[in-house]
Each structure stands twice: as C-alpha cells, then as structure tokens.
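A.B. asks: Could you put together the complete structure from these sequences and hints?
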Amino acid sequence: MSLPRAKLVQNFPGCPVEATLTYLDGKWKGVILFHLMEGTLRFNELRRKLPAVTQRMLTKQLRELEESGLVSRTVYPVVPPRVEYAMTPLGMTLKPVIQALAAWGDDYVFCSPEGRELRLASDGLRAPVAALEA
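One point on numbering: in UniProt numbering, the residue at position 124 of the sequence shown is 124, and numbering is uninterrupted.
Do not take every clue at face value.
[As the list claims (entries may be wrong)] List of simulated lysine to aspartate or glutamate pairs, EDC-like, C-alpha gap at most 20 Å: (1) K95 with E114; (2) K95 with E117; (3) K29 with E66; (4) K95 with D107; (5) K49 with D106; (6) K29 with E18; (7) K49 with E38; (8) K49 with E84; (9) K29 with E114; (10) K60 with D107; (11) K95 with E66; (12) K27 with D106; (13) K60 with E117; (14) K29 with E67; (15) K27 with E67; (16) K60 with E84; (17) K95 with D106; (18) K27 with E66; (19) K95 with E38; (20) K60 with D106; (21) K27 with E117; (22) K29 with E45; (23) K29 with E84.
[Claimed, not checked] Quick list of the computed label-pair ranges, beta carbon to beta carbon: (24) N44 with G14: 40 to 50 Å; (25) L120 with K27: 10 to 20 Å; (26) A100 with P80: 11 to 21 Å; (27) R48 with R73: 30 to 40 Å.
Derived by calculation from the structure, the hints in this document are not laboratory data. Ideal Cβ placement from N, Cα and C applies to all residues, glycine included.
C.D. replies: Here's what the structure looks like:
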C-alpha cells in the first residue's frame with residue numbers, strides 16, 4: 001500500500017491523527033467509505049456515485065482501502081464478472097467519524113449553486129445556503 005503520509009508520521013511519532021490519516025489519505029477514500037456505509041456496492045454503482053473519479057483512481061483507492069483492511073472485495077465466479085465492495089467490521093468503526101465529517105460539512109462548507117466554488121463559513125457559525133447567492 002502506498003503511504004503518502006509515512007514521512008509525516010515519522011516526523012510526529014505517536015500522533016494518532018497522522019497515523020489514522022495515513023489510511024484515509026487520498027481525495028476519494030473518505031467519500032468511498034461514506035457511500036459504502038449505505039451497504040455493499042458494485043464497482044459501477046460506486047462510479048455512478050462518484051462521477052468525477054476516473055476508473056483507474058477508483059480502482060487504486062479501493063485497492064488501498066482493501067489492503068488496509070477497511071474494505072472487503074468479493075468476486076463472484078460469473079460471467080460477466082461481478083465484484084462487490086463492502087466496509088469490513090474495522091471499516092465500520094470509522095462510521096461515526098465519517099458521519100461527523102458529513103455533519104460538519106453540512107453545517108460549515110458551502111457550495112456555490114453551480115458547484116464551482118467551495119467556501120467555509122467565515123465566522124465559524126452556520127450560515128444559510130442563500131448566503132452564497134449574495
């Protein structure tokens with residue numbers, strides 16, 4: 001498994017946040033886990049939920065999640081091939097963390113109506129979505 005934060009972890013020994021982020025690092029891993037919290041999904045179902053991710057990147061991120069033991073991959077011996085992904089019991093322990101991130105994002109991250117800009121609530125308080133239109 002590629003550990004892009006490995007050097008950072010070595011710079012901060014004993015830091016559980018850095019160590020944890022080693023396994024969640026990657027643009028799509030958190031989003032993949034968020035969707036797998038709903039239940040088992042096939043590869044193309046995940047792709048439809050993540051239209052901006054390439055097939056290659058989704059495959060890479062799923063492999064890394066599988067290698068770390070957070071996601072399981074089940075291949076069925078049928079034609080055409082059928083592959084399903086699910087969170088493992090270890091992966092499910094991240095559910096409250098992912099739900100907390102989603103709740104924080106709902107409260108403090110705002111996307112412009114056309115979806116081209118993300119902003120944080122500058123005052124640290126929840127702001128109405130209409131504030132983006134101003």
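A.B. asks: So which of the earlier hints does this model not fit?
C.D. replies: 1, 2, 9, 10, 13, 20, 26, 27
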